[in-house]
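A.B. asks: Sequence:
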Amino acid sequence: MKLLILSLVVILFCIEPGCKKKAEENQVDLDQINVDNSNDYRYIFRDRIKEEKIQDDKNRKKTFNK
Numbered sequence: 545m546k547l548l549i550l551s552l553v554v555i556l557f558c559i560e561p562g563c564k565k566k567a568e569e570n571q572v573d574l575d576q577i578n579v580d581n582s583n584d585y586r587y588i589f590r591d592r593i594k595e596e597k598i599q600d601d602k603n604r605k606k607t608f609n610k
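Each residue of the sequence shown is one higher than the one before, counting from 545 in our numbering.
FYI, nobody ran anything at the bench for these hints, they're computed from the structure.
DEER-style ranges, computed between Cβ atoms: (1) Lys602 / Val572: 24 to 30 Å; (2) Leu547 / Arg604: 52 to 58 Å; (3) Asp575 / Ile549: 53 to 59 Å; (4) Gln571 / Lys597: 16 to 22 Å; (5) Gln576 / Leu547: 54 to 60 Å; (6) Phe589 / Glu560: 29 to 35 Å; (7) Asp580 / Asp601: 36 to 42 Å; (8) Arg592 / Phe557: 30 to 36 Å; (9) Val553 / Val579: 56 to 62 Å; (10) Lys605 / Cys558: 39 to 45 Å.
Lysine-lysine pairs mimicking DSSO-like chemistry, simulated, CA-CA at most 30 Å apart: (11) Lys566 / Lys602; (12) Lys605 / Lys565; (13) Lys605 / Lys594; (14) Lys566 / Lys605.
What you are looking at is a predicted structure, and each value in this text was computed from that prediction instead of being measured. Yeah, the Cβ is synthetic: ideal placement off N, Cα and C, and Gly gets one too.
Kindly generate the complete structure, drawing on both the sequences and the hints.
C.D. replies: Structure (structure tokens):
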């Protein structure tokens, strides 16, 4: 019985790190790089700005619902 419990605990500790949310990899869109190897800076923070706007909209909805 102790062996069974110990094995379950070990299995849980082995599985737990695989369930974490993985960090985003830094990637550059091909749209951001121009032909002359310069950057088009409007693409750099496009995704971050979208996420922040969605979060702000959610927070605004929560304040009006109270």
